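Chemist: Spelled out from the first residue to the last, the chains are:
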Amino acid sequence: MKRYDMLELAVRNLRQSKLRNGLTTVGISVGVASLVAMLSLGVGLQQLATRRLAGSGMFDTVFVASKVDARGWDRDEDRKDQNPEKAPALDEAARGQMQRLPYVTEVEPEIRVMGEILYGGKTHFGFVTGLPMSARENEAFESLQGKFFSGSAAPEVILLNDFAKELEPQNPKSLIGKQVTLRYGEHQPLTADAEHSGRPELPGGQADNSSAGDDYGFSVVRKTQALKVVGIVDEEPYGGMRTVSRGRIFLPVDLTEKLNMAQFSDMRSPLRGQGKTFMTLTVRVKDPAKVAQVQDAIKQMGFRTFSVLDATKSLRRFFTVLDLFLGIFGSLALAVATLAIVNTLVMAVLERRREIGVMKAIGASDTDVKALFFTEAGAMGFFGGVLGIALGFAIGKAINLGTGIYLHNHQLPAEPVWILPTWLIGAAIVFSILVSLLAGLYPASRAARLDPVQTLKYE
Amino acid sequence: MGESVIRAVDGISLSIARGEFVALLGQSGSGKSTLLNLLAGLDRPTSGAVLVEGRDLGKLNSQELAHYRRTDVGMVFQAFHLIPSMTVVDNVELPLRFAEVERAERERRVRESLERVGLGQRLQHRPSELSGGEQQRVSIARALVNRPALLLADEPTGNLDSRTGEDILNLIREVSVSLGMTVVMVTHERALADRFAHRLIFLADGKLISSTPAAAIAQPGGAAAANPNGTQEALA
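Those sequence lines, one after another, are chains A and B. Everything in the first sequence is counted per this note's numbering, starting at 97 for the first residue and increasing by one. Everything in the second sequence is counted per this note's numbering, starting at 13 for the first residue and increasing by one.
Bear in mind the hints are in silico, worked out from the structure with no lab data behind them. Quick caveat: nothing in here was measured; it's all calculated off a predicted structure. Just to be clear, a hint being listed does not mean it is correct.
[Claimed, not checked] One-sided and incomplete, this derived list gives chain B residues near chain A with beta-carbon spacing under 7 Å:
no.: 1; residue: Leu54
no.: 2; residue: Ser74
no.: 3; residue: Ala78
no.: 4; residue: Met87
no.: 5; residue: Arg185
[Claimed, not checked] Which stretches of chain B does chain A cover? Using the computed rule of at least three CB atoms under 8 Å from a CB of chain A, they are:
no.: 6; stretch: 91-101
no.: 7; stretch: 110-119
[Stated by the list, open to error] List of simulated lysine-lysine pairs, DSS-like, C-alpha gap at most 25 Å:
no.: 8; chain 1: B; residue 1: Lys71; chain 2: A; residue 2: Lys466
no.: 9; chain 1: B; residue 1: Lys71; chain 2: B; residue 2: Lys219
no.: 10; chain 1: A; residue 1: Lys553; chain 2: B; residue 2: Lys219
no.: 11; chain 1: A; residue 1: Lys114; chain 2: A; residue 2: Lys243
no.: 12; chain 1: A; residue 1: Lys261; chain 2: A; residue 2: Lys182
no.: 13; chain 1: A; residue 1: Lys261; chain 2: A; residue 2: Lys274
For glycine and all other residues, C-beta sits at the position ideal for the given N, C-alpha and C.
Looking at chain B on its own, in the form it has when it is part of the complex:
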C-alpha cells in the first residue's frame, strides 16, 4: 500500500515585514492553516525553508521549536482552545509557567495582559462561564503574555457574531500596533480582512494566488518595503 503525498502548501514564497498585519485568505483546504502551523513551528516543511529573524525553523529540534513557540509566537484559535479546567488567570499564566518565569513576575504580567484585552474581572471564572468574545479575549491575553514578536491567529472571529468579531479584530490591531507585533491571520472573511489587514494573501490548492495591499488601509511605501531586514517568512 503506497502513501500518496498531498501538498498542503506548495511552492509558496513570501516575506512578511516586522509589524505587518497580514491576512491569509482562501477556501477550506487551500493551505492557509498549514501555512500558519509552519510559521508557528508546529509543523515542518518537507522541503524549502521557513525563516524567522534569520532562523530556519525546519532545522530546529523539537526543544528549540518549543522554545521558539514559547518566546516568539502567540497563537489565537477559532475554537479559543482554553483549558476548560483552569480559571481565566491560570489559562493566561500557563505559557509563563512553561517559560519558567518567577511567580511574582507571572502575576504582574498576567494582570497586565488581561487589562490590555479589557478583562479586569471574572478572572477566577472558568472558560465555560464566559461568552465567546470573552473567551477569545482570554486567548489573546494568553497569546500576549510572553510578549511575542509574532501573533498567529487562525480564524479568530470564526466562532463569534459579527459585532464581537469586529471588536476582537480591533483589539488585535490595537495590541499589534502598541506592541509592534507582526500579525498573520487566517480568515475567510474578505470584508474584515480588508478592514484590518495591511496585506491580503490569497491561497488556492496550496499555492499563492496573489498578494495585494488591503483596500481600506493606506500604506505609504508598503510595510515590507519599509523594513526589508525585518521579520521574514519565506516558503519554497
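Isolated chain A (complex conformation):
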C-alpha cells in the first residue's frame, strides 16, 4: 500500500476508538513531557552555571607578566630559564601582538594607583583602578545603580558604595550625575636634555637601544581631572580577586592610560632602561574553552601566563552525568507509556481480528498489515510527542515562574533555570516516534501472523 494511503487508514483507525487511543496518546505525551522537562532543566542549569562562571570574569581571562618581573610565579619554570633578563618586554608591541591572536577580545593593563577625590570641599583617599568595557558583563555590575561608562575613555567614574557613603553619608545615590575632581600623580618622563646626570650605564649595551624618556627616569606631577559620577556599585568587580578589583574608584581603562597615572611598577622602567612596559596584562578570551589555546600562544611569545583552570570542562562533565540521570528519570514515564502503547495495540489486534482477516482476504499482504499497525503506533508517537512538547513547555514555564518567585522572595534576581533548546523539540518528537514504533513491533507482527481462515470463520 502507498504510504499516504497507509497513513490515512491508520489515522482513520485511530479515530475509531477515540477514548482509548486518546488516553494512550496522552500517556505518551506525559512521558515525553517529563523527559523534555528533565532534560531542559539540565540544559538550563548548565547554562546558568556557565553564565555565572563567565560572569565572574575569572575563567575567560589569561593574566600575562614578563618573565623578568614575575619570577617566583612558577618555580619549576624559573629553573628552566637561565637568563630571565633576556626575556621579551611586556610593552605596547607585545600587547598589539596578543590583541591579534585568535579568540582574544581585549588586552588591557591592570592599572591601580593611589588617588584622591575632591568633593564638597573635602578630600577622600582611595585606590583608582581602570576597568575595561567588558567589565560591564561582570556580575558585580548587575546591581549597578546608575549607568556603566559611556565610552572607554569617557571622563566618568563609578564609585564603590562604601566610598560613595564616605562622600555622601546620607544619600550616596545622589552622587550620580554630579561632578567630582580626581587628584592623581602624573607620570612625566625625563628626557636627556632635562637630565644632567646622563644615561645610566647598564650591562649588555641596553642603554643604546631606547629613545624613550624612561631611560632617564620620570617625575610624578600632581594633576587633577574633573569626572562625572555615572554609577555606584555594591561589590568589587571580579569578586575582588584581581588587582583592578581592589579599588574604590573605577575609571574607564583607556582614560587611566591617557592620564598616564604614575604606578608603583613604573619604578622598574628607569631601573632597567626599558621603554614603557606593563607589569601585567589581562587578556580576555571569547570562550572559556579557548583559554588554554590562547595561553599557549602567549607562552610561545616568551611571557609568563596564568589562568584559572578551565572550570567549564569539569562543569561539562558534571552536567553530562546530571543530564544522563535526569534523562533516565524522565524516560521512566515514557517507558510506562510504551507499555500503554503495547497494550492498546494488542487490544486493537484482538478487536480487529475479523477486520485483519478481511483485509488479507481482499489482498492485503502480511507486510501491509504489519505496516498498518506500525503506522498507527508511529502516529500515536508523533501526536504524543507534539502534545508532550507542549506539556513539557508548560511544566518548564511553571518551573521558571516558581524559581523566579522563590528567588525574588530571597531578594535575588530571577533567572531562567529551565531552557528548552530547539534541538530538543525535534529530538523528543523523533524519540517518541521511535519508542512507539518499538512498542508497535510485537502487536504488528502478531497482527501480520493472524490466520485469515480462522478469523473469517462465521461466528
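Once you've looked at the hints, dock chain B against the given chain A.
Modeler: Positioned in the frame of chain A, the structure of chain B alone reads:
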C-alpha cells in the same frame, strides 16, 4: 501429546473451466469452505496441488499469494465481512488501496462497481445502516472492483431472506456473464444451486461424491469441455 490430523479435503480432483458457475454442496463439515479457502489462496494444501491458470498456489510465497488474492480473486462471504467503521465507498475502495491504484482511477472504479451492483446511493453510509441485501451488494462490489477472473462466494445467501438471496444470486450470475468471471459458490441450498449454477459438486467428509450438471441449466457441450485450457483448479 500427539496431534491428530483431520483431512478437511481429501483426495479431491476436479477442474473448473473459465466462465463456469460451480456450486459446492454438502453438509456442514463436508469440506466445501476449506476447498474454497484453498482456491482463494487463504489456505495451503498439505499435499497435492491447486493450479490456477497454470500457477501452483501451494508453491507461492505469502507475498505472491497476497498478490494473487488482490488481482485474481474476489470473495463474497455469508457474513458480508464489511469493515464496520468504513463507509460503503471506503469498503469498496479498500482492495484498490492494497493494489496501489491511483486515487482518480480508484474513484472511477468504485463508482462503476457500485453501479454494477445497483447501489448508486447511500454511499457514505456505514454497513450497519444498510439492509442485509444491500450489505451483500456492497460486498460483491468490493469483490468486483479489482476485476478478478475468479469470484468465490461462501454461502452468499446464508444471511438473507429467500427473496433477497435470489436477487443476490441473480446479480452474481449477471456480473459473471457480463465480465466473463468464473464463479465458485459454496451453498447448502440445493434449489438455488440448481437454478443458478452450471454444475453442482457434492462433497461429504472431505471427499468428492459427485459432479453433475445443474438441472435447470442448458449447457451445450458443458463449460469444462468447451474450454479445456481455461481456468483450472485441481486437487489431489
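Chemist: Next step is simple, just say for each hint if it's right about the structure.
Modeler: Evaluated hints:
| no. | hint | result |
| --- | --- | --- |
| 1 | Leu54 | holds, 5 Å |
| 2 | Ser74 | holds, 5 Å |
| 3 | Ala78 | holds, 4 Å |
| 4 | Met87 | holds, 5 Å |
| 5 | Arg185 | violated, 22 Å |
| 6 | 91-101 | holds (count 6) |
| 7 | 110-119 | holds (count 3) |
| 8 | B:Lys71 <-> A:Lys466 | holds, 23 Å |
| 9 | B:Lys71 <-> B:Lys219 | holds, 23 Å |
| 10 | A:Lys553 <-> B:Lys219 | holds, 21 Å |
| 11 | A:Lys114 <-> A:Lys243 | violated, 60 Å |
| 12 | A:Lys261 <-> A:Lys182 | violated, 48 Å |
| 13 | A:Lys261 <-> A:Lys274 | holds, 14 Å |
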